[in-house]
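Work out the full structure, taking the sequences as your base and the hints as a guide.
Protein chains: 2
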Amino acid sequence: MSQILRQQIEKITPLTDKEFEYILSHFTFKKLKKHQFLIQENDTVQNDHFVVKGLLKAYYVNHEGKEHIMQFAMEDWWVTDYQAYFNQTVATLNIDCLEPTEVLCLSIHNREKLCADMHKIEHSFRKKSNLGYVALQRRILSLLNSNAKERYEQLLQQYPTLFQRVPKTLIASYLGVSRETLSRLSS
Amino acid sequence: MSQILRQQIEKITPLTDKEFEYILSHFTFKKLKKHQFLIQENDTVQNDHFVVKGLLKAYYVNHEGKEHIMQFAMEDWWVTDYQAYFNQTVATLNIDCLEPTEVLCLSIHNREKLCADMHKIEHSFRKKSNLGYVALQRRILSLLNSNAKERYEQLLQQYPTLFQRVPKTLIASYLGVSRETLSRLSS
Numbered sequence: 001m002s003q004i005l006r007q008q009i010e011k012i013t014p015l016t017d018k019e020f021e022y023i024l025s026h027f028t029f030k031k032l033k034k035h036q037f038l039i040q041e042n043d044t045v046q047n048d049h050f051v052v053k054g055l056l057k058a059y060y061v062n063h064e065g066k067e068h069i070m071q072f073a074m075e076d077w078w079v080t081d082y083q084a085y086f087n088q089t090v091a092t093l094n095i096d097c098l099e100p101t102e103v104l105c106l107s108i109h110n111r112e113k114l115c116a117d118m119h120k121i122e123h124s125f126r127k128k129s130n131l132g133y134v135a136l137q138r139r140i141l142s143l144l145n146s147n148a149k150e151r152y153e154q155l156l157q158q159y160p161t162l163f164q165r166v167p168k169t170l171i172a173s174y175l176g177v178s179r180e181t182l183s184r185l186s187s
Numbered sequence: 001m002s003q004i005l006r007q008q009i010e011k012i013t014p015l016t017d018k019e020f021e022y023i024l025s026h027f028t029f030k031k032l033k034k035h036q037f038l039i040q041e042n043d044t045v046q047n048d049h050f051v052v053k054g055l056l057k058a059y060y061v062n063h064e065g066k067e068h069i070m071q072f073a074m075e076d077w078w079v080t081d082y083q084a085y086f087n088q089t090v091a092t093l094n095i096d097c098l099e100p101t102e103v104l105c106l107s108i109h110n111r112e113k114l115c116a117d118m119h120k121i122e123h124s125f126r127k128k129s130n131l132g133y134v135a136l137q138r139r140i141l142s143l144l145n146s147n148a149k150e151r152y153e154q155l156l157q158q159y160p161t162l163f164q165r166v167p168k169t170l171i172a173s174y175l176g177v178s179r180e181t182l183s184r185l186s187s
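First to last, the sequence lines map onto chains A and B. Per the UniProt record's numbering, the first sequence starts with residue 1, numbered consecutively. Per the UniProt record's numbering, the second sequence starts with residue 1, numbered consecutively.
If you're looking for bench data, these hints aren't it; they were derived computationally from the structure. Predicted model, so just to flag it, every value in this text is computed and none were measured. Please note that the accuracy of each hint is not assured.
If several chains are the same, the list does not tell them apart, and a pair holds so long as it fits within one copy or across any two.
Taking lysine-lysine pairs in the DSSO-like style, the calculated list, with each CA pair at most 30 Å apart, reads [claimed, not checked]:
(1) K11 x K113
(2) K113 x K127
(3) K18 x K31
(4) K127 x K30
(5) K31 x K66
(6) K18 x K113
As structure tokens, then:
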């Protein structure tokens, strides 16, 4: 089960069995049911989460009660409220499970400890963070530039599996388009 | 001049004079005139740039010739086409100078060398990247959620100096609103 975490790290830097065991000892395991919350608005955010199995959505609810989806997360993805996690403030996002889900949890304390202890894990986290930064820049450009049809097609091309697992309403919310627009595009 | 780079790194991790000298030896210096390009679309992207003096904008031009601003950068900020820089592909962004500008340039080779040589500089780059990630997530939420007025006020609150230095047309392009809307908001 933890092998997919090892595979992810080893895409960046090779590990011995002992090193991986040491890394893994800094994580805790959590199992959640469909619809269960991993994080709710105003929670203190203890952990970053590596998804071993399942599907989650991280979203913001505005003062009119409208949901805006920040990200989805499935196997091999990380998810938390990063602003709250890195700054140790309370959550502004909600994260709940669209499917039964299993995650490996890493506290900020353990993350910093691991990074201080092992240069190669700090290296791996830096590289992951750089890739994440680029992905968010692409999403910003797509929000600024593309029309609904182009956004839809970009997402379909980038994450084909998402479309089989995520309801259309949520895809629409992620893309910042109306449900009706999306139905027209995907029919 | 390089002191502002040292100050930025030392907000995260203290450095000896010798360490900073070693770090600095991996940078090259570049001086640009107002309107000069730092990067043009389809260039190979050699460097990330730390702004010592001046003001730049990084933007995407769509196939109708419309500009979308990805970011501004002034003193103490970093700027490049990160997708092209990290993946070593050609630029999709343009970056040019709104004021006479001086930057310190760090090639990807030197960045990786520094990070491999000095754990503490890798640490500092990881922390910076995490903060950058959070800032981009906030911008995405603001694009998904906020109306033009709210976006304008958030930007004004976050970066008051930008407003004194950047023409209104460009602020409008950054916020993804029309020039007319912005004039109404800022009058």
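Now the hints, each set against the structure:
| no. | hint | result |
| --- | --- | --- |
| 1 | K11 x K113 | both (22 Å within a copy, 19 Å between copies) |
| 2 | K113 x K127 | both (18 Å within a copy, 14 Å between copies) |
| 3 | K18 x K31 | within (26 Å within a copy, 49 Å between copies) |
| 4 | K127 x K30 | both (26 Å within a copy, 26 Å between copies) |
| 5 | K31 x K66 | within (28 Å within a copy, 47 Å between copies) |
| 6 | K18 x K113 | both (17 Å within a copy, 26 Å between copies) |
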